[in-house]
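Asker: Please take these sequences and the hints and turn them into a complete structure.
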Amino acid sequence: MIQGLERWDALEQRPPLWVALVTHSLVGVLLIYMATVVFSDQLSPLSFAVGLLPALWHRRITVLLVIAVVFVIARAFEAFVKIDMAPSMRVVTFSMTLINLSVTTLAIWLVLKAWREVLARGKKLRVANDRLEASNAELSAREEEITRQNEELQTQAEELERQTEELRQQTEELAASREELRRFNEQLIRRERGMMTLLESARWLRPGLNDRDIMSAVCQAAVQLIEHDVVGAAVMQVVDGKLAMRGNYGFGAQGHFEDVPPLAQSFANLIIEKGQTGFIENLALRPDIVLSKPVIGRPFASVLATPLFVDGRAIGVVEVYSHTIRHWSAEDFKVIEWLAAQCALALSAIDYQREVQVKRREAEDASRQKTRFLAAVSHDVRTPANAISLLAELIEDSARRGKDDLSELATDLKTNARTLVELVTDVLDITRIETGAIDLNVADFNLFQALRNELGQFEPFARQKQLALNLSGDETISLHTDRLKLMRVVANLVNNALKFTDLGTIDVQTRREVDGAVVIQVSDTGIGIPRPALSRIFDEFYQLGNPERDRNKGSGLGLAICRRLVDVLGCSISVDSAINVGTTFTLRIPADFVVETPTPRIIDDQANTDASLKGLRILLVEDHHVTRRSTARLLAMKGATIIEAATGAEALNQLLTNCVSVLLLDLMLPDIDGAEVLRKLREAGDHGISCIYVLSGDVRTARVEAVKALGAHDLIAKPLNIEQLIARIQDHFRNSSDVPRTPDAPADLH
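Using our numbering, read the sequence shown as starting at 256 and increasing by one per residue.
These are calculated hints, taken from the structure and not from any lab test. Any given hint could be a false lead.
[Said to hold, decoys possible] Quick list of simulated restraints, FRET-style, between CB atoms:
{"no.": "1", "residue 1": "Ile927", "residue 2": "Gly894", "range": "49 to 59 Å"}
{"no.": "2", "residue 1": "Gly825", "residue 2": "Ala596", "range": "34 to 44 Å"}
{"no.": "3", "residue 1": "Glu617", "residue 2": "Asp566", "range": "14 to 24 Å"}
Glycine residues also receive a C-beta, built at the ideal position from the N, C-alpha and C atoms.
Answerer: In structure tokens, the structure reads:
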């Protein structure tokens, strides 16, 4: 469109006047020249009308008319002057030229006029077009303005919509904030109630409250804290396979309510089995679940429950109820679980208080019993000690006067000394067992042979009382347990039977039960035990508190030691007795301790006790002068050569200068202990000593293993029984390849 307008403007423009004059003049001169010069003798074939055509180019009418006049003059000159022709022809030629020029001029003028008209109309059209374009531009501008305004309106509409959305969001946020504030306010109210309940829960721990009071308080707190549509609560517990209500609130029964559903159909049973919190929003949908019914009001329609854990075990459930179908929230879960935890804590505290009270009463009772025990032990210690002192004076007096009752006095002195030793041993055994300082030395052994060896030490006492001591039963039974402790139990039972039987027999029997267990029975025909006292005869304090007992027959600790040793061994003991008929103690050893493969029978410890110790050189290391001198004399009476040492250093010197075959070594020495002496002997290598026994009051398994690791053959408990010591020495040489002899040279301890 723009290019067309530019071409139209180019057509409308005319060349300058002088250009038009010059150009047209040159064309006119050229035509005149050809007419007058080139065709001087005839008419020019070129019409002068051709010379008018440049007017179409420069579009100037005046120039056209001037040129036309010039051409008329030139033709007139040519026709009337230059060319020779008839006058008529001259007139005709001139007339024709005049007509031609006139017509041509008129035609050009008409063309130019038409051109001008066209240009004028084109100009008008252009102006109209310009106006139209301006209008279009204006319309476009207005359209753009309208579009812009529409866009602005749209933007404003969007902004308004955004503001409306923001306003809506703010409204929703305000509503949410109001709801949050409402919930927060409810939470504050709940927390306030929770704090009040927490403060109230501290009163659950005060003395005097029972379980029902605490559980009812928990139920009341649950209703107050959850509140919304919650009308009741209860604590259910399974007791002896039945469901029991231990506390409730909101049932209208003043705390007493017995309408409890069967355990299998109860919601509590389901919660206890699952071990987690659960609920039923609409009980109508669960006809298999039965709840307790309130005394007054509508039945419950919804329930929430959580298990009540005490010591990691679910002992019951806390349930809260609503009359309406209810959606239980996470907050409700937290509240009821917290209350259940508080209830469990309170119950544990009450149990602890009860336990503390029981322990305190037991401690007070034990304190009183121990006071009586110490008083009785003190009396029992003083009695043989006083007798020993008096007997020593009598022996001294008899020796001075030369009386012949020394043997009888010595026997009485020995009896009282052994009574005192047994009492101290029993007290120490009780202490070790109660403190757990007793170890088991388990091995395989033949039961019958062990019993025979143990009963051998009681035969002199039985013969003295003219009682028959019998052993019978299965001789093939072998056990895997601690032989010494088991025999200690049997020895105490037999010793007890001998003390309280004056006429008849004492029978020790062994047998296998159907289930594979082994039974040892010790029966006597003594005075018997009253039946009401059978449940407490293993209680040392009960024995000591009996003013009717004969204190000359022991301290009364033997059965207490038996019970504790039996518990340590994993066995059981029972008693049956009748007054003036006798007593039977039954020791039951589980089948797990029975060895099916027979164990070789052990050598009788009591065999050959009268054999001499001739040929043996024994080094006795003991720092207690009286003990060392007495032991040395008794061993020397058996034919042994005794070398004495009071300290560890002296013992090492004696070993350097003397050849010995047996070493009896006390552990507790004033300078270096017996363990150090054993270490030096072990470092010496082949010291030539055939038998080493350590003498100590510490007979723990750890101590025995320690001295054996240092090279000792065994540990013999103090106080010493000379007969048993001699038997152990003889047994060593009898069961080993060693021959009782004296080494050829002293030990090299350097």
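Asker: Are the hints correct? Go through all of them and say.
Answerer: Hint check results:
{"no.": "1", "hint": "Ile927 to Gly894: 49 to 59 Å", "verdict": "31 Å, violated"}
{"no.": "2", "hint": "Gly825 to Ala596: 34 to 44 Å", "verdict": "39 Å, holds"}
{"no.": "3", "hint": "Glu617 to Asp566: 14 to 24 Å", "verdict": "21 Å, holds"}
In summary, the structure is inconsistent with hint 1 from the numbered list given earlier, while agreeing with all the others.
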